[in-house]
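Just so you know, the sequences run in chain order X and H. Heads up: the first sequence at position 205 corresponds to 205 in the working numbering, and the numbers run straight through without jumps. Heads up: the second sequence at position 506 corresponds to 1506 in the working numbering, and the numbers run straight through without jumps.
None of these hints come from the bench; they were simulated from the model. There may be inaccurate statements among the hints.
Covered stretches of chain X (in silico footprint by chain H; criterion: 3 or more residues with CB under 8 angstroms from a CB of chain H, positions within the stretch not fixed) [said to hold, decoys possible]:
{"hint": "1", "stretch": "96-106"}
{"hint": "2", "stretch": "283-290"}
Cβ-to-Cβ under 10 angstroms is the rule here; a few derived chain H residues that face chain X [claimed, not checked]:
{"hint": "3", "residue": "Phe-1039"}
{"hint": "4", "residue": "Arg-1041"}
{"hint": "5", "residue": "Asn-1059"}
{"hint": "6", "residue": "Glu-1134"}
{"hint": "7", "residue": "His-1139"}
{"hint": "8", "residue": "Thr-1244"}
{"hint": "9", "residue": "Val-1258"}
{"hint": "10", "residue": "Asp-1428"}
{"hint": "11", "residue": "Ala-1431"}
{"hint": "12", "residue": "Val-1432"}
{"hint": "13", "residue": "Asp-1434"}
Which chain H residues face chain X? A few, computed with CB under 10 angstroms, are given here [claimed, not checked]:
{"hint": "14", "residue": "Pro-1137"}
{"hint": "15", "residue": "Gly-1194"}
{"hint": "16", "residue": "Ala-1216"}
{"hint": "17", "residue": "Ser-1245"}
{"hint": "18", "residue": "Gly-1400"}
{"hint": "19", "residue": "Thr-1402"}
Idealized CB from N, CA, C, for every residue including glycine.
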Amino acid sequence: MGRYFRRKLLIYGVTFVIAVSINFAVPRLMPGDPVARMLSRNKVANPESSEAMRAYFDNVFGFDVPLWQQYLNYWAALFKGDLGVSVYAFPASVSSVIAGALPYTLALLLPAILLSWIVGNSLGAMAARNKWLDNGVLPVGYVFTAVPYMWLAILLAWVAGVILGWFPVAGGYSFALTPTFSWVFIVDLVHHWFLPFLSLFIVALGGWAIGMRNLVIYELESDYANYLQALGAPRRLVRRYAFRNAMLPQITGLAVALGMVVGGALVTEVVFAYPGLGSLLLSAINNQDFFLLQGILLFIVIGVLVFNFLADVVYVLVDPRTRLGLEGGQS
Amino acid sequence: MTKRRTLIALIALPALAASACTGGGGGSENPSELSMNEFPRNETLYITGTGGGPPADWNTITPGEVTGLNGLGYETLFLFDPETTELDPWLAETGEWTGDLTYQLTLRDGITWSDGEQLTADDVKYTAELGQIEAVPYHNIWEWLESVEVVDDLTVEFTFAEARHQEWNNFLWAEQIVPEHVLSQLPEEEILTGANEDPVVSGPYTVHSYDQDRLAWVKRDDWWATDHLDLEVQPTFVVEVITTSNEVALNLVAQGEVDLSNNFLPGIQDLMASNPDLSTYHDEAPYMQQANTAMLIPNTTVEPLDDPEFRKAMASAVDGQKIVDSVYSGIVATANPTGLLPLWDDYIDQSVIDEHGISYGASEAASILSAAGYEDGDGDGFVENTDGEAVELTLNVPTGWTDWEEAARSMAADLQAAGINVTEEFIDAGAVDDARTSGDFEIIMNNWSGISHTPWTHYRYLFQLPVLDDQSTANFSRWENEEAWSLTEELAATASDDPRYQEILSDLQRISLEEMPAIPVWYNGAWSQVNNAVWTNWPSEADDTPNVIPTAWNGYWNMSSIYMLTELEPAG
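Same shape as in the complex, but just chain X (with noise of 0.2 angstroms):
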């Protein structure tokens, strides 16, 4: 067993090494400059002056060096925990704006992840021998789920937002309010947060339910479950193990949706204009902000990362051929 942890830790930190350095890369391959960027959206049109603040944001952000010694530098910030400055947000440092957007964007997935994954499963998984539910249900699963996300949460903000007014159209909490420990504000947080919410639960919950519906028939047509149905099982006990093993792949699917929830729900944040990194990374493209990017892909990449080892660590724990593998010492 110790042996496949420290193969994976080791795939795992190889592949964090390559990727951060694609971090560092690709910000750069963009055409533009971000100092001039800032100059010219600030408006400094004086060219006497600009040229002179040029070199000297320059030299503030190190960009006068040569681009292997800022790939060094990068990485020496990096693990004194340094994510540098924010150009856009500038003086702000980077981490100091991400751990600003990061509890809503965390907010906002992780219950909408976590959620539409338990009820799309067990919808799903219910779905597999119920008529009703299969013919009912899916199809509106189906619906939701082929629609583009965009114009869903559109019509969502059009319709409650605006047409009907039962929540609001923007913001994290509503913008007459200063964060309090109170219940005005705790509700208002809620009352802000629910239509994004509402939204990404609703899209993801089809394909979940889909995948379990599908996942499940397949067992349950599987030898395994036949044998058992003729020694004369209990329905619910073929049922039960053509769960577990279905479960597998969707464990899979959720590792990898949890690793992406750091990088936020872009399409979902500029919608509701919803604080949080989605936006926050929107920005960054526009702005050349290379520091914020680099900071927000970085979070992206251990997201990923641990998920993925995460749901390693559970494979083991809850599918026993996996555990026997390792006994036997194959990985």
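Use these hints to put chain H onto chain X, whose structure you have.
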């Protein structure tokens, strides 16, 4: 069963963590600063579309400060009034040229900073002298400013090596006066790149609170203009809502959650027809005031764009009205052939336009082309270069700028119809930046010549010399005309009331029409749509309302837009 419980526990843990986040997510402020947790709607002005990101920078010296810091927080010596193109005293009481090379400025008495200190001549001297640091944006004044002397507490005297009246006026209304007693305590690096949290300001508002998607200002009690000018800003709170999407801004202003939207919202006139609370500066087209000139920039180092006649043919082939009507559905206006904004109408020399102006028309374009020797020899519908080489040009605009994309399509079609083979191509905005700076393009669009107190900024934008390898702010056409540039430099040093001022301007207009270094197409608007449900008496063309530009973009408060806040009235 044990295993399943483990699984459930694994699932439940992050869910619990998530619900904890839901409760606590949000605030980044220090709770002790919050005197109030809810802004009363009828005392609060909500604005959006001012172009800021997450609030992080309260430093006015170097660029990147939060929108509103200049004007609501820090203030300038004068305000610029775009209606009269004059400067009005603000922090300064008077300012005048006391000699050919000396300018004396008197401050108003009794202006206090938000920490209680007096704003004095020392602050003005300190602010001007900060410009001696190379990385300060107004460093250029020290090329012709010699010294700053404090005469007494309220009087400062500036001595110049060269009296550049227009450039100096630009300093007077565009640069914010900063507190010497605060900044002089800081090291240079902190002055330039520090965040300056909790700024000490002289203006009507100070920072109340902020978060990633908002920034709130609260009214100060002891703003000097209340005593001196009998002005009082009406909203107790000004909250800037930061949105990344114009659709969201449209919903907010239509619902009345936001009072002022400075977003580009095409189709606003249809919404106004159904929602009586909404209004814009003008009741009819173009609805908005004009903020800058969108121009076609030909690269004059590329054949045949180096030929003024060819550029003139292009100018007459492009149908600006079509873009105004079809792309912008009437919320912008076609540009004057000189490219000068409407606020400079008084300087436009109509006789020059009558003589040298180019009017729109495909047939006129064809006659200019054939007179200059450009013929369609091979009969493919497009003219060749004078040496028989085929002409194929590309017009680049940033991808995703949908209005510019549509305008580029329209212009390319016009040019092709006139026999000039131009195709539009949409590339990444960063790539357009690179191309414009390095000169590696054929035709692009640019609109960086905007509102200012003098057309000098427009001609500096057109004619600036020398042409360097990288052109980052002006003369993107890379057109070299020594005469035009020396006239522009002379303009900078000429007072607006000097008769020579208009002579130079007429000459510059003639040169720009004869040589067409850039082709003016339309004026972009100072986008502004307001909701009258909570606040009324918004700026409009009507005489009984203020006539300032109703825009909260960075730098506009100094353009007299601050009067919008003092003139607002609560509705109902």
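Hint check:
Counting residues of the stretch 96-106 of chain X whose CB lies closer than 8 angstroms to any CB of chain H gives 6, which reaches the minimum of 3, so the coverage claim holds. Beta-carbon proximity to chain H at under 8 angstroms applies to 4 residues in the stretch 283-290 of chain X; the threshold of 3 is reached and the given coverage holds. Taking 10 angstroms as the C-beta contact cut-off toward chain X, the hint placing Phe-1039(H) at the interface holds, the least distance being around 5 angstroms. Using the Cβ-Cβ criterion of 10 angstroms, the hint placing Arg-1041(H) at the interface with chain X is satisfied: the shortest such distance is roughly 7 angstroms.
Because the beta carbon of Asn-1059(H) sits about 8 angstroms from the nearest beta carbon in chain X, less than 10 angstroms, this interface hint is met. Given the 10 angstroms rule on beta carbons, the hint for Glu-1134(H) holds: about 4 angstroms separates it from the nearest Cβ of chain X. Interface restraint check for His-1139(H): the shortest CB-CB distance to chain X comes to about 5 angstroms, inside 10 angstroms, so the restraint holds. A hinted interface residue such as Thr-1244(H) counts as satisfied when its beta carbon comes closer than 10 angstroms to some beta carbon of chain X; here the least separation is about 5 angstroms, so the hint holds.
For the restraint placing Val-1258(H) at the interface with chain X, the shortest Cβ-Cβ distance is roughly 8 angstroms, inside the 10 angstroms limit, so the hint holds. The interface hint given for Asp-1428(H) is met, as the beta carbon of that residue sits about 6 angstroms from the closest beta carbon of chain X, less than 10 angstroms. With its C-beta approaching chain X no nearer than about 4 angstroms, Ala-1431(H) sits inside the 10 angstroms limit, and its interface hint holds. Because the beta carbon of Val-1432(H) sits about 8 angstroms from the nearest beta carbon in chain X, less than 10 angstroms, this interface hint is met.
At its closest, the beta carbon of Asp-1434(H) sits 5 angstroms from a beta carbon of chain X; the interface hint therefore holds under the 10 angstroms criterion. With a cut of 10 angstroms, the hint placing Pro-1137(H) at the interface with chain X holds, because the nearest CB-to-CB distance is about 5 angstroms. Nearest Cβ of chain X to the Cβ of Gly-1194(H): about 7 angstroms, under the 10 angstroms cut. The hint holds. Because the closest C-beta pair between Ala-1216(H) and chain X is about 7 angstroms apart, less than 10 angstroms, the hint holds.
With its C-beta approaching chain X no nearer than about 5 angstroms, Ser-1245(H) sits inside the 10 angstroms limit, and its interface hint holds. For the restraint placing Gly-1400(H) at the interface with chain X, the shortest Cβ-Cβ distance is roughly 9 angstroms, inside the 10 angstroms limit, so the hint holds. Taking 10 angstroms as the C-beta contact cut-off toward chain X, the hint placing Thr-1402(H) at the interface is violated, the least distance being around 15 angstroms.
The structure fails to meet hint 19 from the earlier list, while all remaining hints are met.
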